[in-house]
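Participant: Spelled out, the chains give:
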Amino acid sequence: MAMNWPAVRAIYVFEMSRFLRTATQSILAPVISTSLYFVVFGAAIGSRMTMVDEVPYGLFIVPGLMMLSLLTQSITNASFGIYFPRFAGTIYEILSAPVSPVEVVLGFVGAAASKSILIGLIILATAALFVPLRIDHPVWMLAFLLLTAVTFSLFGFVIGLWADGFEKLQLVPLLIITPLTFLGGSFYAIEMLPPFWYTVSLLNPVVYLISGFRWAFFGQADVAIGVSLAMTLLFLALCLAAVTYIFRTGYRLKS
Amino acid sequence: MQPILSIKNLSKTYASGLSALAEVDLDIARGEIFALLGPNGAGKSTLINIICGIVTPSTGTVTVDGHDILRDYRAARAMIGLVPQELTTDAFETVRKTVSFSRGLFGLPKNPDHIERVLRDLSLWEKRDSRMMQLSGGMKRRVLIAKALAHEPRVLFLDEPTAGVDVELRQDMWRLVRRLREQGVTVILTTHYIEEAEEMADRVGVIRKGRIILVEEKAELMRKLGRKQLTLHLQTQLIELPESLADRGLELTGGGRELVYTYDSQGERTGITRLLNELASSGITFSDLQTRQSSLEDIFVDLVRERA
Numbered sequence: 001m002a003m004n005w006p007a008v009r010a011i012y013v014f015e016m017s018r019f020l021r022t023a024t025q026s027i028l029a030p031v032i033s034t035s036l037y038f039v040v041f042g043a044a045i046g047s048r049m050t051m052v053d054e055v056p057y058g059l060f061i062v063p064g065l066m067m068l069s070l071l072t073q074s075i076t077n078a079s080f081g082i083y084f085p086r087f088a089g090t091i092y093e094i095l096s097a098p099v100s101p102v103e104v105v106l107g108f109v110g111a112a113a114s115k116s117i118l119i120g121l122i123i124l125a126t127a128a129l130f131v132p133l134r135i136d137h138p139v140w141m142l143a144f145l146l147l148t149a150v151t152f153s154l155f156g157f158v159i160g161l162w163a164d165g166f167e168k169l170q171l172v173p174l175l176i177i178t179p180l181t182f183l184g185g186s187f188y189a190i191e192m193l194p195p196f197w198y199t200v201s202l203l204n205p206v207v208y209l210i211s212g213f214r215w216a217f218f219g220q221a222d223v224a225i226g227v228s229l230a231m232t233l234l235f236l237a238l239c240l241a242a243v244t245y246i247f248r249t250g251y252r253l254k255s
Numbered sequence: 001m002q003p004i005l006s007i008k009n010l011s012k013t014y015a016s017g018l019s020a021l022a023e024v025d026l027d028i029a030r031g032e033i034f035a036l037l038g039p040n041g042a043g044k045s046t047l048i049n050i051i052c053g054i055v056t057p058s059t060g061t062v063t064v065d066g067h068d069i070l071r072d073y074r075a076a077r078a079m080i081g082l083v084p085q086e087l088t089t090d091a092f093e094t095v096r097k098t099v100s101f102s103r104g105l106f107g108l109p110k111n112p113d114h115i116e117r118v119l120r121d122l123s124l125w126e127k128r129d130s131r132m133m134q135l136s137g138g139m140k141r142r143v144l145i146a147k148a149l150a151h152e153p154r155v156l157f158l159d160e161p162t163a164g165v166d167v168e169l170r171q172d173m174w175r176l177v178r179r180l181r182e183q184g185v186t187v188i189l190t191t192h193y194i195e196e197a198e199e200m201a202d203r204v205g206v207i208r209k210g211r212i213i214l215v216e217e218k219a220e221l222m223r224k225l226g227r228k229q230l231t232l233h234l235q236t237q238l239i240e241l242p243e244s245l246a247d248r249g250l251e252l253t254g255g256g257r258e259l260v261y262t263y264d265s266q267g268e269r270t271g272i273t274r275l276l277n278e279l280a281s282s283g284i285t286f287s288d289l290q291t292r293q294s295s296l297e298d299i300f301v302d303l304v305r306e307r308a
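Going down the list, the sequences are from chains A and B. Letter 140 of the first sequence, counting from 1, is numbered 140 in UniProt numbering, and no numbers are missing. Letter 55 of the second sequence, counting from 1, is numbered 55 in UniProt numbering, and no numbers are missing.
Possibly wrong hints are sitting among the right ones.
Taking lysine-lysine and the DSS-like style, the derived pairs with C-alpha atoms no more than 30 Å apart in a straight line are [stated by the list, open to error]:
#, chain 1, residue 1, chain 2, residue 2
1, A, Lys-254, B, Lys-228
2, A, Lys-254, B, Lys-97
3, A, Lys-168, A, Lys-254
4, B, Lys-209, A, Lys-254
5, B, Lys-127, A, Lys-254
Chain A is nowhere near these chain B residues, computed Cβ spacing over 10 Å in every case [stated by the list, open to error]:
#, residue
6, Glu-23
7, Ala-29
8, Thr-61
9, Thr-88
10, Lys-127
11, Asp-166
12, Arg-178
13, Arg-211
14, Ser-244
15, Leu-276
16, Thr-291
Think of the hints as simulated: they come from the structure by calculation, not from any bench. For clarity, every value in this text was computed on a predicted model and none was experimentally measured. Ideal placement from N, C-alpha and C gives every residue a C-beta, glycine not left out.
From just these sequences and the hints, can you work out the full model?
Facilitator: Have a look at this one:
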């Protein structure tokens with residue numbers, strides 16, 4: 001049956017206007033935190049650090065910083081986007097409308113991913129004020145940006161459906177994503193670690209995202225680019241499966 | 001003519017084991033106003049929520065203008081507008097945006113003229129750029145109705161539309177429902193306020209403990225179950241009923257100044273003539289008399305009590 005595009009558009013526009021209403025904080029916050037990272041790691045400490053893989057340290061942390069925000073923002077935006085209507089009760093309208101699950105996901109996840117991509121690009125622009133940028137594979141950089149934003153927005157959407165309180169919404173980004181990102185090589189190359197921790201790091205899925213993203217910037221990575229891409233796609237497939245399962249069973253949406 | 005809404009053998013048991021609906025069969029005719037009456041927890045909202053796609057039925061089928069609500073949900077839902085019981089709104093959205101959003105959600109292209117018409121009909125036009133959180137409860141209720149009408153539905157569900165609503169809005173709402181009916185829209189409302197059903201409905205259904213216990217034309221229902229009361233205002237105060245009248249079902253009220261006689265208005269013999277003769281022979285005189293027909297409310301209370 002034909003897609004209900006006006007509904008996808010309506011949800012997307014609704015979600016984006018929520019973002020733009022709070023534009024000051026949604027845009028200012030990442031700009032300020034990125035600047036702080038650069039002041040601390042770039043100027044203060046970075047000047048005393050050696051190059052990492054022949055890349056100056058200030059520049060080396062750019063992909064990791066973008067990834068850090070991209071993951072947290074995708075999850076937060078998407079989980080809040082679907083959780084809030086459930087919490088406020090306005091979800092009744094979406095459930096009673098002639099929209100398919102695919103359209104609902106496109107609207108919510110599309111908006112969440114757009115927001116985090118926008119924030120990622122703002123961080124990139126802010127970084128350009130501190131260090132001369134170098135992007136060897138711009139198309140791949142954008143591809144990873146898009147793929148990661150979509151995947152983690154889907155993940156956030158699942159969390160937003162699963163959560164039955166505001167604490168749970170905070171839980172996953174705070175307790176899982178932030179540590180995994182910090183330990184996933186945002187600020188270092190994992191080959192700098194002792195062998196044992198290097199192996200442990202390979203179990204961290206975020207390593208593959210950051211590694212692939214860094215490859216797009218500097219042409220070198222902790223793990224092979226093909227592996228990074230495969231892991232990202234695998235995670236995307238897992239999130240898609242979870243969303244499909246949720247809609248098929250009506251879990252937390254319908255009684 | 002094919003009914004606009006056809007419910008067959010519909011049951012719902014929640015995961016908690018609560019049986020909210022049991023084997024409900026109901027047909028709603030095109031263009032009628034149907035009032036679903038029932039005490040709290042009787043299953044009114046569950047029934048509406050199943051039809052609208054918010055709750056999944058356990059068994060049974062529902063079709064809207066021939067479209068099955070599960071198999072052909074797009075076509076079925078496109079015809080339906082729902083005004084929920086709870087005042088759930090997006091606090092930060094403006095009135096006009098939230099109403100336009102609803103239209104989009106139902107797959108229709110933008111139509112600012114229609115949105116303006118709906119907002120004007122509901123006296124919301126002045127508030128079109130106000131945010132939802134700035135509105136009073138009554139105004140929010142109006143916005144929910146506007147949202148439900150944004151996609152020009154052919155069937156409108158009003159779940160407890162006038163709960164906690166002021167007189168002015170209630171009257172506005174009744175006017176709106178009549179206007180919708182003139183346009184051929186079918187309206188199904190649930191209510192506690194029997195006067196609402198009495199004022200507006202063509203047919204009345206009574207639901208109790210998940211079962212529809214009665215569906216009847218309103219006029220027929222009132223005729224069938226209606227009783228009348230004759231009140232006689234006495235000229236002189238009576239301390240107690242004379243013995244000769246003790247077994248006639250009379251009630252002495254108003255401090256001994258009123259006699260109330262209840263009778264079946266459909267009965268062959270109402271017993272009024274005999275009563276008046278007996279009163280005269282007992283020397284009881286009266287200064288005035290009035291009769292009153294029992295309201296739908298009385299009927300409803302009787303029904304629910306009787307079958308409890």
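Participant: Hint by hint, where does the structure go against what was stated? Just the numbers, ascending.
Facilitator: 1, 5, 9
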